[in-house]
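Peer 1: Below, each chain spelled out in residue letters.
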Amino acid sequence: SQQGEEDPQALSIQEGENATMNCSYKTSINNLQWYRQNSGRGLVHLILIRSNEREKHSGRLRVTLDTSKKSSSLLITASRAADTASYFCATDAGGGADGLTFGKGTHLIIQP
Amino acid sequence: DAGITQSPRHKVTETGTPVTLRCHQTENHRYMYWYRQDPGHGLRLIHYSYGVKDTDKGEVSDGYSVSRSKTEDFLLTLESATSSQTSVYFCAITPNRAGYGYTFGSGTRLTVV
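Residue numbers (my numbering), protein chains in the order written: chain A, 1 to 112; chain B, 113 to 225.
In isolation and in its complexed conformation, chain A is listed as follows:
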């Protein structure tokens, strides 16, 4: 069953604007990760935030995590056409060796 749920399902913005995507999840986590997938390609790991962290930055990416609300957000600043892709959050419940649980993704379109 899906653990993470992204919102919105689709987002279209102008180049240069900021893009914000949200992820909600249901159970306790060890960490939460964000991935990007370009059309027809595999997923690429963007950033990992641990349950004891509240915010993390990587280049133009900013991720926040609110464990009390079981939610996370991914902000892409100064968007570029190359940022057009699907973005997935994935939760790691920790414990055993079983894998990440992925949401259904947000499809982001950057209009030139």
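If you're looking for bench data, these hints aren't it; they were derived computationally from the structure.
These numbers were taken from a predicted model, which means no experiment stands behind them.
Accuracy of the hints is not assured; some may be wrong.
What the hints assert, rightly or not - Simulated DEER-style distance windows between Cβ atoms:
no., chain 1, residue 1, chain 2, residue 2, range
1, B, Thr127, A, Asn52, 47 to 55 Å
2, A, Asn52, B, Asp168, 21 to 29 Å
3, A, Ala93, B, Ser181, 42 to 50 Å
4, A, Gln111, B, Pro120, 20 to 28 Å
5, A, Arg80, B, Asp174, 37 to 45 Å
6, A, Leu61, B, Glu139, 21 to 29 Å
7, B, Pro130, A, Pro112, 40 to 48 Å
8, B, Ala210, A, Gly40, 49 to 57 Å
9, B, Glu191, A, Ala93, 23 to 31 Å
10, B, His122, A, Gln9, 25 to 33 Å
11, B, Glu126, A, Asn52, 48 to 56 Å
From the three backbone atoms N, C-alpha and C, an ideal C-beta is built for every residue, glycine too.
Fit chain B to the given chain A structure using the hints.
Peer 2: Quick look at chain B alone, frame taken from chain A:
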């Protein structure tokens, strides 16, 4: 993707035939995973491996089996392919369960006719 390759990239097969997909890694990572990706469902875990000959079932394992006889290879077998197994299959690897991201292969697009 660097360090992980999937083969074949595309395959069309007939209902009822067995199919084997291969994932090969050169990173010497312990953990390997098979996911399927379908519209409206995101990625769902099929099977995973935490070492040579150590495998376990994921969320959607019915109709699939796996084998890992070497660290570098993780095979996914559809024992008798059905149309519901038409999907894109991704392999992923990670060195450690504690706080590492996954590296994904480029995927295998499988069509069962």
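Peer 1: Given the range 48 to 56 Å, decide if the beta-carbon distance of glutamate 126 of chain B to asparagine 52 of chain A lies inside it.
Peer 2: Taking Cβ atoms as reference, glutamate 126 of chain B and asparagine 52 of chain A lie about 51 Å apart, which means the hint holds.
Peer 1: Kindly confirm whether 25 to 33 Å is satisfied by the beta carbon distance between histidine 122 of chain B and glutamine 9 of chain A.
Peer 2: Distance hint for histidine 122 of chain B, glutamine 9 of chain A holds at roughly 27 Å.
Peer 1: Could you say whether the range 42 to 50 Å given as a hint is met by the Cβ separation of alanine 93 of chain A and serine 181 of chain B?
Peer 2: Roughly 29 Å apart at Cβ, these two residues miss the hinted range, so it is violated.
Peer 1: Holds or violated: the 20 to 28 Å window for the beta-carbon distance between glutamine 111 of chain A and proline 120 of chain B?
Peer 2: 36 Å, violated
Peer 1: 21 to 29 Å was suggested as the range; check whether the CB atoms of leucine 61 of chain A and glutamate 139 of chain B agree with it.
Peer 2: Taking Cβ atoms as reference, leucine 61 of chain A and glutamate 139 of chain B lie about 24 Å apart, which means the hint holds.
Peer 1: Do the beta carbons of arginine 80 of chain A and aspartate 174 of chain B sit within 37 to 45 Å of each other?
Peer 2: Distance hint for arginine 80 of chain A, aspartate 174 of chain B holds at roughly 42 Å.
Peer 1: Is it true that asparagine 52 of chain A and aspartate 168 of chain B lie within 21 to 29 Å of each other by Cβ?
Peer 2: Given range 21 to 29 Å: holds, Cβ gap about 28 Å.
Peer 1: Within 49 to 57 Å or not, the Cβ separation of alanine 210 of chain B and glycine 40 of chain A?
Peer 2: 32 Å, violated
Peer 1: Return holds or violated for the Cβ distance of glutamate 191 of chain B and alanine 93 of chain A against the range 23 to 31 Å.
Peer 2: 29 Å, holds
Peer 1: Looking only at beta-carbon atoms, does the pair proline 130 of chain B, proline 112 of chain A fall within the given range of 40 to 48 Å?
Peer 2: Taking Cβ atoms as reference, proline 130 of chain B and proline 112 of chain A lie about 47 Å apart, which means the hint holds.
Peer 1: Within 47 to 55 Å or not, the Cβ separation of threonine 127 of chain B and asparagine 52 of chain A?
Peer 2: The hint (47 to 55 Å, Cβ to Cβ) holds, given that threonine 127 of chain B and asparagine 52 of chain A are roughly 49 Å apart.
The structure is inconsistent with the numbered hints 3, 4 and 8, although it conforms to all the rest.
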